[in-house]
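Q: One letter stands for each residue in the lines below.
There are 2 protein chains.
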Amino acid sequence: MLSQVESIDIVVKNGWVLTMDPQDTLIERGAVAVSADRIVDVDTEDALTASYQAAQTIDARGGIIMPGLVNAHTHAAMTCFRGLADDLPLMTWLNDYIFPAEAKLTPDIVYQGTRLACSEMILSGTTTFCDMYLFEEAVARAAKEVGIRAVVGEVIYDFPSPNYGPVEEGLKYTEDLIQKWRDDSLITIAVEPHSPYVCSPELLQKARAIAERNGVPMVIHLAETEREVAEIRKKYGRTPVTHLADIGFLSSSLIADHCVVLSEEDMTLMTDYDVKVAHNPESNMKLASGIAPIPELLKRGVTVGIGTDGCASNNNLDMFQEMDSAAKLHKVHALDPTVMDARTVVRMATIDGARVLGLDDTTGSLEAGKKADIITIDITRPHLIPMYNVYSHLVYAVTGSDVVTAFVNGRVLMEQRAFTALDVDEVIASVNRIAHDIA
Amino acid sequence: MLSQVESIDIVVKNGWVLTMDPQDTLIERGAVAVSADRIVDVDTEDALTASYQAAQTIDARGGIIMPGLVNAHTHAAMTCFRGLADDLPLMTWLNDYIFPAEAKLTPDIVYQGTRLACSEMILSGTTTFCDMYLFEEAVARAAKEVGIRAVVGEVIYDFPSPNYGPVEEGLKYTEDLIQKWRDDSLITIAVEPHSPYVCSPELLQKARAIAERNGVPMVIHLAETEREVAEIRKKYGRTPVTHLADIGFLSSSLIADHCVVLSEEDMTLMTDYDVKVAHNPESNMKLASGIAPIPELLKRGVTVGIGTDGCASNNNLDMFQEMDSAAKLHKVHALDPTVMDARTVVRMATIDGARVLGLDDTTGSLEAGKKADIITIDITRPHLIPMYNVYSHLVYAVTGSDVVTAFVNGRVLMEQRAFTALDVDEVIASVNRIAHDIA
Numbered sequence: 006m007l008s009q010v011e012s013i014d015i016v017v018k019n020g021w022v023l024t025m026d027p028q029d030t031l032i033e034r035g036a037v038a039v040s041a042d043r044i045v046d047v048d049t050e051d052a053l054t055a056s057y058q059a060a061q062t063i064d065a066r067g068g069i070i071m072p073g074l075v076n077a078h079t080h081a082a083m084t085c086f087r088g089l090a091d092d093l094p095l096m097t098w099l100n101d102y103i104f105p106a107e108a109k110l111t112p113d114i115v116y117q118g119t120r121l122a123c124s125e126m127i128l129s130g131t132t133t134f135c136d137m138y139l140f141e142e143a144v145a146r147a148a149k150e151v152g153i154r155a156v157v158g159e160v161i162y163d164f165p166s167p168n169y170g171p172v173e174e175g176l177k178y179t180e181d182l183i184q185k186w187r188d189d190s191l192i193t194i195a196v197e198p199h200s201p202y203v204c205s206p207e208l209l210q211k212a213r214a215i216a217e218r219n220g221v222p223m224v225i226h227l228a229e230t231e232r233e234v235a236e237i238r239k240k241y242g243r244t245p246v247t248h249l250a251d252i253g254f255l256s257s258s259l260i261a262d263h264c265v266v267l268s269e270e271d272m273t274l275m276t277d278y279d280v281k282v283a284h285n286p287e288s289n290m291k292l293a294s295g296i297a298p299i300p301e302l303l304k305r306g307v308t309v310g311i312g313t314d315g316c317a318s319n320n321n322l323d324m325f326q327e328m329d330s331a332a333k334l335h336k337v338h339a340l341d342p343t344v345m346d347a348r349t350v351v352r353m354a355t356i357d358g359a360r361v362l363g364l365d366d367t368t369g370s371l372e373a374g375k376k377a378d379i380i381t382i383d384i385t386r387p388h389l390i391p392m393y394n395v396y397s398h399l400v401y402a403v404t405g406s407d408v409v410t411a412f413v414n415g416r417v418l419m420e421q422r423a424f425t426a427l428d429v430d431e432v433i434a435s436v437n438r439i440a441h442d443i444a
Numbered sequence: 006m007l008s009q010v011e012s013i014d015i016v017v018k019n020g021w022v023l024t025m026d027p028q029d030t031l032i033e034r035g036a037v038a039v040s041a042d043r044i045v046d047v048d049t050e051d052a053l054t055a056s057y058q059a060a061q062t063i064d065a066r067g068g069i070i071m072p073g074l075v076n077a078h079t080h081a082a083m084t085c086f087r088g089l090a091d092d093l094p095l096m097t098w099l100n101d102y103i104f105p106a107e108a109k110l111t112p113d114i115v116y117q118g119t120r121l122a123c124s125e126m127i128l129s130g131t132t133t134f135c136d137m138y139l140f141e142e143a144v145a146r147a148a149k150e151v152g153i154r155a156v157v158g159e160v161i162y163d164f165p166s167p168n169y170g171p172v173e174e175g176l177k178y179t180e181d182l183i184q185k186w187r188d189d190s191l192i193t194i195a196v197e198p199h200s201p202y203v204c205s206p207e208l209l210q211k212a213r214a215i216a217e218r219n220g221v222p223m224v225i226h227l228a229e230t231e232r233e234v235a236e237i238r239k240k241y242g243r244t245p246v247t248h249l250a251d252i253g254f255l256s257s258s259l260i261a262d263h264c265v266v267l268s269e270e271d272m273t274l275m276t277d278y279d280v281k282v283a284h285n286p287e288s289n290m291k292l293a294s295g296i297a298p299i300p301e302l303l304k305r306g307v308t309v310g311i312g313t314d315g316c317a318s319n320n321n322l323d324m325f326q327e328m329d330s331a332a333k334l335h336k337v338h339a340l341d342p343t344v345m346d347a348r349t350v351v352r353m354a355t356i357d358g359a360r361v362l363g364l365d366d367t368t369g370s371l372e373a374g375k376k377a378d379i380i381t382i383d384i385t386r387p388h389l390i391p392m393y394n395v396y397s398h399l400v401y402a403v404t405g406s407d408v409v410t411a412f413v414n415g416r417v418l419m420e421q422r423a424f425t426a427l428d429v430d431e432v433i434a435s436v437n438r439i440a441h442d443i444a
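So the sequences go chain by chain: A and B.
Per the numbering used here, residue 6 is the first one in the first sequence, and the count goes up by one each step.
Per the numbering used here, residue 6 is the first one in the second sequence, and the count goes up by one each step.
It is possible that part of the hints are untrue.
Said to hold, decoys possible - Output of the computed footprint for chain A on chain B, the stretches with three or more beta carbons under 8 angstroms from beta carbons of chain A:
1) 123–133
2) 307–315
3) 323–329
4) 361–367
To be verified - Which chain A residues face chain B? A few, computed with CB under 8 angstroms, are given here:
5) S190
6) D341
7) V409
If you are wondering where the hints come from, they were derived from the structure by calculation, not from laboratory data.
C-beta atoms are modelled at their ideal positions from N, C-alpha and C, and glycine is treated no differently.
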């Protein structure tokens with residue numbers, strides 16, 4: 006009997022395939038078959054090579070083959086301000102450095118800064134990010150050109166924006182973005198009011214109406230600091246979360262960034278409404294915002310992803326380091342080393358992050374039918390010897406620089422740490438020119 | 006008038022020279038002149054090239070030229086157990102995994118594990134480490150062969166050791182080590198009783214007598230957990246630090262690892278006795294030990310270095326990541342972003358770390374007369390673009406993999422991330438064989 010051999014575009018083989026499927030299937034000597042933009046099959050290397058004939062082979066050399074990481078909260082273009090001002094009181098940092106620098110933003114600065122962020126993200130294994138900033142049309146364009154997956158949305162608030170001017174124009178700008186990028190293979194537009202402390206209830210309700218009408222997600226900063234909670238209590242007599250519940254803003258397509266300062270009632274509301282959370286441990290640590298009650302949220306069944314936040318408060322976009330910080334921070338905070346085990350943290354940075362963004366049918370795991378967003382990791386380096394447990398390795402030992410290959414949508418963006426199409430030297434030169442002007 | 010041009014062995018040039026001298030001198034386009042094992046001069050590149058003729062030039066390509074980092078607390082050979090067991094309760098981790106694995110230790114396992122640790126440390130910019138473990142003769146031998154600087158000492162406790170047997174033999178083993186390695190150019194032997202909870206007052210006093218008689222430092226784990234403090238209180242009616250003060254054990258040549266759980270009185274005693282501290286933020290986080298009051302110790306003038314602890318509780322030896330965690334952890338703990346600023350943290354990982362080990366006349370800064378322990382960092386990678394502040398970059402953005410050159414004692418151990426002499430593939434193969442047996 007003859008077996009049928011199917012022609013495919015790419016096989017990624019010779020590695021530990023970490024699927025992040027619902028069963029957390031791990032295949033010791035596995036392979037992934039890719040055709041066009043999709044994963045066709047995931048199996049042992051023996052089974053796959055018997056079934057498929059691939060035009061191109063990517064050899065993981067005994068390393069790890071896994072889904073590309075999902076960075077659930079970024080301000081990508083803030084790479085331009087990386088290290089501009091650190092170790093300062095929050096208000097000094099914002100008022101004396103970040104806001105003045107942002108007042109001079111242009112679409113070109115945002116475009117170049119985002120291209121640099123995309124380069125850094127691909128080099129460190131991130132294949133999807135969720136962005137909030139100004140001039141987001143430039144972010145969408147940069148991400149699309151580089152070939153990375155992104156949820157992007159223009160930041161909206163009550164006061165005029167350096168981009169669109171008055172707030173009504175911001176809503177219009179957002180709707181234009183939604184129209185322009187509808188059904189794009191990489192870019193999803195979101196409606197992104199900044200936070201309850203700079204957005205009136207009316208603005209938040211208008212934002213929600215646009216999101217509902219267009220079937221797109223919303224992103225908001227929520228309960229990031231004690232200061233914010235105090236301010237909202239003073240203004241509305243309740244916590245930021247209860248305030249949003251009262252005005253009908255909470256929903257399962259709301260992505261809430263930070264969620265550091267939550268009451269029991271807040272957590273109950275977030276669970277009931279199935280609000281999604283983007284946890285940013287390193288930014289919360291560096292800005293001294295506090296420690297988000299992530300273990301409690303997870304216990305209640307809230308879906309939590311991990312984000313780096315902007316480079317100015319991190320100061321990098323390396324999701325592997327972010328995973329490490331997430332695991333360790335909650336252990337020491339709870340004085341319990343079993344909290345936030347490595348497998349949970351890897352899920353947060355992959356499939357759960359995709360779920361947070363509403364992209365879990367698209368990315369976040371290696372399963373037949375999903376888009377081929379794949380990375381491979383070299384585990385032959387001294388700091389990765391020996392390996393007893395793949396999850397533990399990814400969280401506590403691997404860093405972004407150990408990623409060697411990155412695919413998005415079936416396209417190889419990086420191979421052996423070299424970009425296949427992006428002229429990264431030109432990107433670097435552009436941002437260095439921008440930084441020279443800022444300094 | 007003719008200027009005299011002096012012949013030297015090596016010039017490291019074309020970089021930001023971060024001296025970490027008492028004035029924190031930073032030279033924008035600087036260079037370092039090296040002859041034999043010593044730094045001859047540190048100045049602008051123009052001044053140095055006018056004064057010296059170098060046999061070899063190392064071009065830092067616009068990057069950072071700085072002192073090699075000092076890892077103030079390691080159990081180097083525990084690389085063999087990297088990721089063997091994580092996310093477990095402390096006693097399960099120790100009793101079910103680490104102690105059984107350590108019971109089977111041999112000098113060869115320690116030797117191979119230490120060689121791997123040295124490889125990892127050199128690749129990530131560490132040029133000096135302070136080790137405590139079993140079979141430390143093998144550690145000294147491995148470090149010496151690799152060419153890295155180390156303070157090493159055999160762990161001593163009341164019960165028999167898999168290495169030397171009864172405790173009296175441990176003291177003898179230590180004295181033999183001291184004799185054998187006296188005046189070595191790289192290795193310093195220390196007297197290393199494990200901790201107050203497994204060392205009787207008599208043992209601690211004998212250890213101190215050996216250290217004093219030989220003029221060598223002492224290393225001890227101290228006040229790592231609440232559990233330890235409770236145990237010592239029960240046994241001796243006082244805190245670990247006051248207990249050590251009572252038995253005459255505290256001194257300026259005592260290196261105390263962890264110091265997580267300290268009372269006001271403990272901190273006063275440590276300040277008065279000028280006890281040195283090795284802070285291990287990532288290990289303390291991962292094992293959920295707690296957060297050491299480092300900002301308070303620094304305020305009192307205590308000298309604090311940074312260490313990674315063993316790989317099994319970290320799970321890497323990257324001091325750049327450790328610096329990042331140190332800065333961020335204390336900010337969020339104090340809810341103050343100005344705490345543990347980047348410059349303070351870089352000092353802790355360089356000159357203050359050297360001071361902790363009693364090696365500040367030897368290493369930890371780039372100053373004429375010191376040994377040439379130097380690293381260079383590539384800052385042309387996307388995650389390091391742009392650079393506004395060198396200290397901030399080192400703490401919040403650089404990782405170990407950005408180190409490209411490492412010197413110890415004037416000898417180039419790594420250039421462009423390749424070892425000049427060490428056969429790292431052979432080291433990796435050896436540890437993989439050991440790990441196979443352990444698993």
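Q: Could you run down the list of hints and mark each one as holding or not?
A: Now for the hints, and whether the structure bears them out:
no., hint, verdict
1, 123–133, "holds (count 4)"
2, 307–315, "violated (count 0)"
3, 323–329, "holds (count 3)"
4, 361–367, "violated (count 0)"
5, S190, "violated, 24 angstroms"
6, D341, "holds, 5 angstroms"
7, V409, "violated, 12 angstroms"
Checked against the numbered hints given earlier, this structure breaks hints 2, 4, 5 and 7; the rest are met.
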